[in-house]
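**Q** Could you slot chain B onto chain A? The hints should help.
For the record, the sequence lines run as chains A and B. Numbering that gives the first Met the number 0 puts the first residue of the first sequence at 0, with every later residue one more than the last. Numbering that gives the first Met the number 0 puts the first residue of the second sequence at 0, with every later residue one more than the last.
Simulated from the structure, these hints should not be mistaken for laboratory data. Every residue, glycine too, gets a C-beta built ideally from N, C-alpha and C. Please note: incorrect hints may appear among the correct ones.
What the hints assert, rightly or not - Here are a few chain A residues that face chain B, going by a calculated C-beta distance under 8 Å:
hint	residue
1	Glu24
2	Arg41
3	Ile44
4	Phe46
5	Ile113
6	Ile115
7	Pro122
8	Leu125
9	Glu168
10	Ile239
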Amino acid sequence: MFKAVLSDSNVLKTSFEAISSIVDEVQMKADSDGLRLDALDRSHITFVHLELKSALFDVYSCDEPLKINVDTEELMKVLKRAKSDDVVELTVDEGNLILTFEDEARRTFKIRLIDIEYEAPSPPDLDYPSIFEIPFSLLKNSIQDIGIVSDKISLMVDEDKFIASAEGEFGDAKIEYLHGEKITENAKSVFSLEKIKEMLKADRFSDTAVLSLGNDMPLNLAMKMISDEGELSFLLAPRIESEE
Amino acid sequence: MKFLSEKNPDSLRTFEIINEGLSKKSVIVIMACCSVTYEGRARSKLGSGDRMIIIKSDGSFMVHQDRNLEPVNWQPPKSQCKASLKDGVMYLEGSRRNPPERLEVEIKSTYMASYFNGEDSKGLELTGYEENMREMVFDNPKIIEEGFRPINREYSTPNGFIDILGKDIEGNLVVLELKSRRAGINAVKQLKKYMDCFSDHKEFVRGILVAPSVTDDASELLEEYKLEYISMVPPREFGTDKNLTLDFFGGSK
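Extracted from the complex, chain A is given alone in its bound form (with noise of 0.2 Å):
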């Protein structure tokens, strides 16, 4: 049997704001560490990681491992419905995915489960040369700038400073940041502001976003809560000027 219960909805609204917007379906794999999930978008190019350990969950149980594929625009259509102080109920039944929100009254929607054949994608491994902090908002911000100029975007860290920047035709725009962390080497790679537009919106995740970034290389972005009880990660494969 299966059952987690959240007093917090907007962990899981949040998380498949951005999941639902990069992958159509999805494996959430249960067992009695909590829950996970991994995908890759179509195009191969953004990969997403959500793992939920049972300690963040009021009521967490799980006998047996469990396998819930579900189309994630059917669920976030669900979620949506959520307001942020009810309490949701996740468990399954014969082909169903079923989520209970609970306030003065119990809504009980239930999603039928796909039967995707599914292998999880294995990411690559990466080693970064620089990997600091910054504030969740300022990334937020920063790529809201970017968009009036361009719809690419270079990220840049060196000792100093972390920089966002694009050159558009008609103009430019810069935004720097003291980060204060130890920098030793400093990197550059350019991306699809729409692509980074679509892991931002898990915007109520965490209040700090953890940027690992090299030369040409895929950004990982990844928020941790607090308590280490739960973390949304994202890979996504840079633009390059290839020589063809």
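**A** Same frame as chain A, now just chain B:
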């Protein structure tokens, strides 16, 4: 399983294969003798005949006859597709709630039923269009003329959007209308309409039609309206700016 196909399945087996395909979010292809009815924004009815029925993973639903590029009946992506069996007869339905519409296929006999779960991570790359010409001009404004400077794209006027608005070396406003194929009088008229929007502009405004070639009557009309023409062939090369995939860095599925 990536692919399953069966010849001459009976209606129960066809029903099973379609349901399996639907729950796996597969691309389903059925060759069958069927009749089709549609009800929604209008109504349509297609008598019995041999057809190919395709349901894609995104809910696109098409019925193809043995001719024409376009399906004879179809429902767009995100339609709800459902199979049912009534008194031994197999029905396939694609419906939407908004707008309310419903396509129903009655399958009389099936010649082939299949489903397929392929992997396809690539999108189409296109070149040779006005958009590619526009990028070429922005990257290298000199190809219009020495000193040309683009200042706006998709500039909005009451008569539509100007492809590129720029200034020449003397500071005159220049309106560029781009065409990727041989331009006729309609292209010239379109440019003239944009020029009319600047009729109360104090300084002189130039209008240039940019195309691989122009027809004779278009050439005469350009002269009459005192507009210019620059010959330019749209680029055929693909862009060099690419988004890498995670596979490139050793990710796997």
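**Q** Could you check the structure against the hints above and give me the numbers of any it violates, in ascending order?
**A** none
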